[in-house]
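K.L.:
What follows is the residue order along each chain.
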Amino acid sequence: MVRCLLAMGLLSSSLTFGQTNVLTLGKIPTVKAKLGSTVTVKVPLQVRLGYHVNSNTPSDKYLVPLKVTWEKGMLASTDVIFPKPSLETYKFQATPLSVFSGTFEITTKFKVAPTAPVGPMAMSGTVSYQACNDRECLQPAKLPVTLQVDIVR
Amino acid sequence: MSNTLIFRALLATAIAVGLTACSSSAPSSKGSVENSPQLENASLKPVAIRRAAPSFELKDANGDTAQLADYKGKVVLLNFWATWCSPCKAEMPWFEEFDKKFKDRGFAVLGVSVDEEGWNAVKPYVKEKNFHYRMLLSTEAVSTLYGGVDSLPTTFIIDKDGKIAAVHTGLVAKAVYQKQIEDLLETKNGALPAGDGAAEQLAYFRSN
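In the order they appear, the protein sequences are chains A and B. Going by the working numbering, the first sequence opens with residue 1320, and the numbers climb by one from there. Going by the working numbering, the second sequence opens with residue 162, and the numbers climb by one from there.
Be aware that a few hints might be false.
Unchecked claim - Derived lysine to aspartate or glutamate pairs resembling EDC-like cross-links, with alpha carbons at most 20 Å apart: (1) A/1386 - B/221; (2) A/1461 - B/277; (3) A/1386 - A/1424.
To be clear, the hints were calculated from the coordinates, so they are not data collected in a lab. All values reported here derive from a predicted model rather than from experimental measurement.
Generate coordinates for the entire structure from the input sequences, incorporating the hints supplied.
P.N.:
Rendered as structure tokens:
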């Protein structure tokens, strides 16, 4: 019975969590990073059906842009590349908005420190976003991202 | 309570939560909201089940303190919004219009911004759009009192007795707001009259 209650509680909480988590992170393979090289990492993201997030270049100065930040470490972010956003028209605004919806990838280029210790390490980052559907907007939110990196010679 | 009953109760909760999640993820429909045919039910909550709007003290753009109690005897449209919320900004010109139109009949609009940047974000926007109704800056405590305000816009229509007569989350047709405000202004807190008008009002509510 205890197991049953636990399972139902987890089911209930996962449904509730899913309701508030509009942007979700896909699986990122372990990054092989050679000392001193530049590596490219793609972060796959999915926006819940019916919702959109502002692009990195929103149409309106008041809107919250999509951003990616990486913590400083043995891999230094040198460039973040966003896909081409969609221009979508919603019933609440006459002019189109620059948004991402569905699935998309953000690419980051990292320079690997030549002095980095060889072996596995983790790299942390954050995707900041603000999501809306055609009727309402949710508070700006942050999605943590962790990269598993294997530094090799 | 038996194990079966506990299991059924938990299952029902999980399904209910799941259904809510499904219903809130409806895909978008395009077009003008002001003329949207999807008018929600414009009926107000029955007077008997209305609960008191939580009292608050918030600063306005001039630094003055606004209390909900200051508006007792008036119909109040309390709108939580943010400068980054496009659906909110679609509604705000209507609220400006309502404020002017119904001000002399005992009506007031209070805009409550949840912008984290505070007045630095709010004042330029309000000035740019030339809104004149009273703007306040929310606090976490006040947002919590009003249910968390997780999504915007969230609007409370408060009757003359300070009780919540309607709550709207998300963009709502202008006609719905107007109907509710007028009902609260014209009748005793929007209560259905006992006389001949009741049947007509009920027919209106059912058709909308």
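K.L.:
Look at each hint and say if it fits the structure.
P.N.:
Structure-based check of all given hints:
1. About 32 Å separates the Cα atoms of residue 1386 of chain A and residue 221 of chain B, which puts this hinted pair outside 20 Å; it is violated.
2. Restraint check for residue 1461 of chain A and residue 277 of chain B: the C-alpha separation of about 15 Å stays at or below 20 Å, so the hint holds.
3. At roughly 13 Å between alpha-carbon atoms, residue 1386 of chain A and residue 1424 of chain A fall within 20 Å of each other, so this suggested pair holds.
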